[in-house]
Structures are given as C-alpha cells and as structure tokens.
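J.: Chain order of the listed sequences is A and B.
Counting in numbering that gives the first Met the number 0, the first sequence runs from 0 upward without gaps.
Counting in numbering that gives the first Met the number 0, the second sequence runs from 0 upward without gaps.
Keep in mind the hints are simulated off the structure, nothing from the lab.
All values derive from a computational prediction rather than experimental measurement.
Incorrect hints may have been included.
Intra- or inter-copy, both count: the list cannot distinguish identical chains.
Below, a list of computed lysine to aspartate or glutamate pairs in the EDC-like style, where the Cα atoms sit at most 20 angstroms apart [claimed, not checked]:
no., residue 1, residue 2
1, Lys171, Asp419
2, Lys283, Asp209
3, Lys165, Asp419
4, Lys280, Asp209
5, Lys175, Asp419
6, Lys341, Asp366
7, Lys70, Asp285
8, Lys266, Glu289
9, Lys342, Glu414
10, Lys283, Glu296
11, Lys341, Asp253
12, Lys283, Asp273
13, Lys283, Glu261
14, Lys462, Asp419
Protein chains: 2
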Amino acid sequence: MIDRVLATIEQRKSQSLEQLKEFLRIPSVSTKPDHAEHMVRCANWLADQFRFAMLDARVMPTGGHPAVVAKNKHQPGRPTVLLYGHYDVQPPEPLDLWNSPPFEPTIGKTEAGTDAIFARGAVDDKGQVWCHVEALLAWQAHGGVPVNLTCLIEGEEEIGSENLEKFVHAHKEELKADVLVISDTGLFARGVPAIGYGLRGLVYEEVRLDGPSHDLHSGGWGGAIQNPANALVELLATLHNKDGSVNIPGFYDDVAGLSPEERAAWKALPHCDDAFARDLKLSKGDLVGEAGYSTLERIWARPTCDINGLSGGYQGPGAKTVIGSWASAKVSMRLVPNQDPKKVQMAFRQAIRDRLPNGVRVTFTMDDHISKPVLTPIDTPAVKLAVEAISEGFGKPATFTRTGGSVPVVATLREVLGVDALLVGFGLPDDRVHSPNEKFDLDCFYNGTKTAAILYDKLATLKM
Amino acid sequence: MIDRVLATIEQRKSQSLEQLKEFLRIPSVSTKPDHAEHMVRCANWLADQFRFAMLDARVMPTGGHPAVVAKNKHQPGRPTVLLYGHYDVQPPEPLDLWNSPPFEPTIGKTEAGTDAIFARGAVDDKGQVWCHVEALLAWQAHGGVPVNLTCLIEGEEEIGSENLEKFVHAHKEELKADVLVISDTGLFARGVPAIGYGLRGLVYEEVRLDGPSHDLHSGGWGGAIQNPANALVELLATLHNKDGSVNIPGFYDDVAGLSPEERAAWKALPHCDDAFARDLKLSKGDLVGEAGYSTLERIWARPTCDINGLSGGYQGPGAKTVIGSWASAKVSMRLVPNQDPKKVQMAFRQAIRDRLPNGVRVTFTMDDHISKPVLTPIDTPAVKLAVEAISEGFGKPATFTRTGGSVPVVATLREVLGVDALLVGFGLPDDRVHSPNEKFDLDCFYNGTKTAAILYDKLATLKM
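For reference, chain A alone in the conformation it holds in the complex (with noise of 0.2 angstroms):
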C-alpha cells in the first residue's frame, strides 16, 4: 500500500508545488498587528485543504491568532498521533536584501546549486505542514491515512505561542494522543537526515529606558544629562563575561550538564567549524562564544543571551546631533535544560534594575514571549519508527540531533497531554529560517512528503 501512496506522491509533484505557493503567498506574519486579516485567511486556506483530504477541518478561536484542528475519523485499535505545526511566520524584513519578493514564492537555485523554492515561510513551518497535507492527500486516494490522526496548525509560534497553552488545556480530550509528531527542525545536513530530541527554550525581553521628556540638541544639554542611548549599552554591555558567558546571577544555576557520551556523540557528527563560517561569509576565527564548548554545544546545549533589535535616537540618513529621550533593545535567552524561563526572566530584570544607570527610568514592554526548554527520550518504539521513515523517505541512515532553536508547544503538550514529541525535520542549515531569502530544498520538499507518507504508515503498527 505504502508503494502506491509514494507513487501518487511522485505523479502530484508539480501540482503539490503549486499548492504549497499558494499557502507562501498568505503573509501570516503573526507579530503584527496589521496583519490579522491574513492570519484569518491562511488559517481558512489551510482548513479547506485538510477538507480536500477528507478530514473534519475547523477554524477555532484562540485569545489571538486562529488554530486549525482537523481530524480524520478515529476507529478503536488504531494508535492516534497529534501532528502540530505552525502557518503564521516571522517578519520578512529587511526586505532590500530578498533577491526575490518574500511572498511571491519563486523557484531557485541555493548556494550549493540546488534547487528550491524561496519564500517567507518557505521551510519555516508551512513548507514543511504541506509536506504532511501532500502525504494525507496522497494517502486519501489509497482509503486514508491508517492511523487515528488529530492536526493542530496553529498562527502564534513566531511570537511564542503565547495562547496556545490554554487552548490545548481547553481541548485537552479532543487533542489526546499517543504519539506528537512535529516537522519544524531540520536534517543535520544534507545527506544527513536526524531525529531530533532536544530543544532550547526562550524569554524574550524587550527592555525601553525613558530620560529626559523630548529628544535634545546633543550640543545644548549634552555632558549634564544622562543619555538614554549611553545608559543603554553600559547597561546591555554587562550582560556578558570576557569569557563569553552571561553575566545574570543564578542564570546557570540549573543548567544539565553534558555527559562524555553526548560530546562524544556530536564530535562524531560531520560538523566542520570552517564550512559553518564559510556559510555566513566569516572566517573560523570569527567564531566567538563561551569558553569551553564546541559550535554544537554552545547552539544545542547552552544558555545564551543576544540582542535581537536596538533602537535610540536619529537613525535616518546623515547627522542629526540628537540626545534621544529614549533608548531599547529586545534582548532574547535561549535556555537549556532545566533552566525555568520564568526564574531566568525574574534574575534578567533583577540585574537590569540592580545595574541601571542613573537618570533613566527603565520598562519591560513583554512579559509572556518564553518558552521552556525540552529533551524527549530516544529509545522508545515510536523514535525508532521515525528513524526508519525518515532513514527511508531520504535515502539515507539518520542520526540524533538537538537544536538550538524553541517549539514552545512541545514542553507544553508534554506538560498537558502528557505525549512526548517527535521531532522528525525537512529542513538545512542553510535555509535562512528567519533571514531574508529563506527556502526549502525542493528534494527536501518532495523526501519530506515521503517521510510523511511512510511515518503514518509505520506508527500505525504501534501496539497502545
């Protein structure tokens, strides 16, 4: 059966490309405000096509952005598998460094000279949910899919799922499940399909410091005022020791440690610290991070804290000598087993306020944009069918990986539903996930959409 689902999967390739540039064409940024509307009709978009598969589809409110739930109809004996992922996606600025537009998906060549088709969104998530949507299609021409399958697709995972968590609790019987499949990670590399089984977790702080009431002519007041913008980096510029690590007390209080085994693990994994600064145009050199720990240790299994945004003062074209009356920066943790976002954000603010300079008041403008960070056990009967499937649908054995990046709804539907989570991912490095230019292999696209179609079919011999 499988053999003619792959088929049908092979003879629809070009119309599944198709489909899924109409899903890129929807600009689901959930971050703006503005964009509402479009979050409400991608998520409808998105239902109908379920619907197409023959699923019950429905459009369900949240405090923010819509989830899609679909489901097909459940027969006892049959184990049930929650497939969640994601339709809204980050902003596309800056748009002057697109080669093409973000939401007008088009078909390239990569770095590498491969093919794939370039988008917002394009691998991050809604290429990789219509990898699974092409596997149910394909499925249904062959009696559909063989499992009791439930689909979350919801619009707020770039802004940090923030009401998801009462959603899932809300429609905990209806979302109960045996097994959690999620395609938001990656292959390690290409060739090099991976399980993932670790995530980082999240607190993002956005951290506005207020002096004088108007912006200042820099030669009037300037030397007897506090200025907002030099109160800032004095103060931002604490959060970090010589030695690359953060400077926050109790920050790496309950950090894990990492055993032999694991180093050992990833030190034998095809990582070259040349090829992944040749990536970003750096040299190996310019790789800078916490002392101590190889590039895979510091992305998967240490704490950081960056600045993502800085904003003070005149920041148009040439000169204005300006003193401004405010100054921000949003600042973002990415934590790691057992960190508590919730403590880590408390021990933030504590040294923002304990360090604050004189003569600014300072704000926390966001308070629920964290999420925690999850490891999931690798020897259960589910993880070794989604190694097989994936080992399969790309042609190649898969390892174990983790990644750096947060799900926020993993520890949460762990948490809730009690099911651990698969983390069975399309995507490459070299993507530019959250970057201009961002894409998805198309035989990524295409090994995804088998790797869907085969998982289905081997998590159905599950015994519950």
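Given chain A's structure and the hints, the job is docking chain B onto it.
T.: What follows is chain B alone, placed relative to chain A:
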C-alpha cells in the same frame, strides 16, 4: 532715525510673522538627499526677500546645497558687516511627538505660558535670520541700513557646513568684512539677554559593525557566532569612565582649563539645576555628567561623547528572534578649546579599532562632519556695541555666555576672513532646538528684530 525704524518694525509685526511662516513652510532638511529641491526652493525664496529690501541677492552654487549671498550698495568710509545665518533645518523626526505639523507653523502657548510660533526651524535658524531680514526691510523704509552689509545664508549648517570653507575661500574678497554678526544662539534665560563668546566644536561619526553575511535565527546560531549588536554595545560602553569622563586616549590632552574668574562668573548666573531638570521632567538627581563640574561647566567648557543614534536587528512591533548581520551607531563628540577635531576623530577611530570585538568588521561612514571649538574676545568695541544693542532690544542688561552647541562656520570665517563673530542670539533654552515642537517665543522674535535694527545702527559708528 532708529526710532522711526523701530516704529516701522512695530507697525509691520503681523506682516513679519506671516513672512516667517512662509519661510518655515519650506521643508529645507539638508541631511535628506531627497529634499534637495526644497533646499533650492528655500534659497530662491530667501533671495527674493533680500531683493524686497533692495539688496543685490544671488543664489550661489556650492559643492552641496546652494548659499544665498546678498549685499547692499557698499559706500566708502562705512564699516562692512557680514551677516551669517542658515536656512537649512534638522530632520523633524520623530513626527508623532509634534503637537502641530513641523512644517505648518502654528501659533500657540509655551509651557511657560508665553506666545510662540511652533515649527521646525522656528528659532534654528530661520526665525533668527528673519529678524535680520525684517530689520533690513524696516531700514529700507527709511533710506536703508547705515552700514555696508553682506549677508551669507548657507544651506548646510546642520550637516557640518561641509562645503562652506571652500566657498568662503573662493569668494574671500566678496565676503571681506570688519565685523561678523551671527544670530544662531540664544538668551541665557527669559529676560536675560546675552552675548555669546564660546562655542563647542564637533566630531560626528557613524560606526557600523558587520558580522555574518545575513540575518540569522537566534536559535540556530545564537551562542556560536559574534552578534554585531552585542559587539556594538560592548564597544560603545567603553567610551566612558565611571566618573563620567570620556575614555579615549589623548581625548583631554588639549582641553583648555577654566579660569577661577570664569567659573565664578558662571556661578553668578541665574542658573538653577532644579529648574533645568524640571524642564526635562527630570529631578536634580537625574543630572549625570563629568565629576567635578557644574551643569553650565559641563555644557559650555567640557567635551562630551554622546550616542545620537542606535540601529540594529529587528525594530518593528513584537518579537523577532534574529541576530542582525550588522548594527550601527551615530556618535558625536562636542569639543572645547583647544581640541583639534581631526586629532580627536583619529583618536576615536583608533580606540574603536583597538577595542573591536572578534567576529565583526568596522566601517566609519562619515568623515567631514566636524567643526572647531571657538572662543571670541569680549573686550572689543564691536562687542560693547552688541551688548548695548541687545540690552536695548530686550530692555534688560545683557550678560556674557558660552554655548554648548556648534556653529562650524565661526571658526572657518575667522581663519579665512580674519574676523571675529558677534554671537547675538535671540532664542531661549526651552525652544526645543533639534527636537519635536521647536518654537520661537514671539517676544524674542520681535525683540530680536529690534535688536538687529539697533545693532546695525550702532555698528555704523565703528571707526575703521
């Protein structure tokens, strides 16, 4: 005769205000490349006004925005006065903080309860230039101004007068004068007119740090590469010492100290830190600056280093977990006698290069936005006449003050023409120069016009 001139000024009050409004409606923002046509329009408009006063006016090309040069018929035996001013203005941003549109001049109440005209350029410098034009118009009604007058009104003061030096050299003969008059500063306070004798110099830099070739997902890369925004705050935070002094090697080498007499004279001025802070909605404790100096000393006699702009990463609404590929800052240093801008600029760049964190490259994108500090003698016959003129014009005894701002041309004109400036300013400390809601008190506008008329009358008595 002067009485009849002053009577004419009194009669023409409302026409004069309407003319100023026309001047202010032209958005002559010199730093914005796309405003070039407005600059030309403004120069031509101003030249026409000089012609109404029967001066021979020309709009003359420079390497950048044009300069307006206007002369009356010079007669032997009369002293020659050079009037300098500028018709360009600072950018109006941030627009949302203006109570009325920056280029729609509006009459309203100040926080002090006085009447004023609100607009970008109201006092810096269009309003003060107009005081002189109006004085010339009034004199014209009575046979013309009694001195040989040359007016030089440039369009690049707010961007460092980059092309003026070459222009002045090229037209040295034509601009030759015995006295230089500049109205681009202000009173010490309401009811306390002043003659300025010192200006700070300026070095304006834009420092840009580039790291990875494109924006990166802060989860996928955070911790393993240098974040240009992190590097920028670390770098800029090194520019000040704990005691508020500037931490650039050699920065203070040439700084002229303050004489006990000068410090005593400034202590005697009616300055109040509480009121100074209150005007900024701050408390006295918020006043931060170099240890060991009073507020006036910090503004008038000590050099500074201020961040005028900060940009990096994502600055839109909400959250974006991105590591920007670059970050930049606009930084200006105010200089005092006898600092050399070129020397300070080199010291600044050397310090930045010496302290540059790993993993980023630095670019300095501004070179010529510098000006020299100035001190002018206060015991000359011309200065004594200027003190009389402004004391009569405002009906209060004048004092001597310095200014924290910079008027680049003053040093240039002294060097090229060998003439010292009379800094006869009509503004007030609360005029919001360079800020939203810039204004010019109507009393200052009218008394400034009278002062200009009286000044020309008195300067006519100068023996050459």
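J.: What hints, given by number in increasing order, does this structure fail?
T.: The structure conflicts with hints 7, 13, although it agrees with all the remaining ones.
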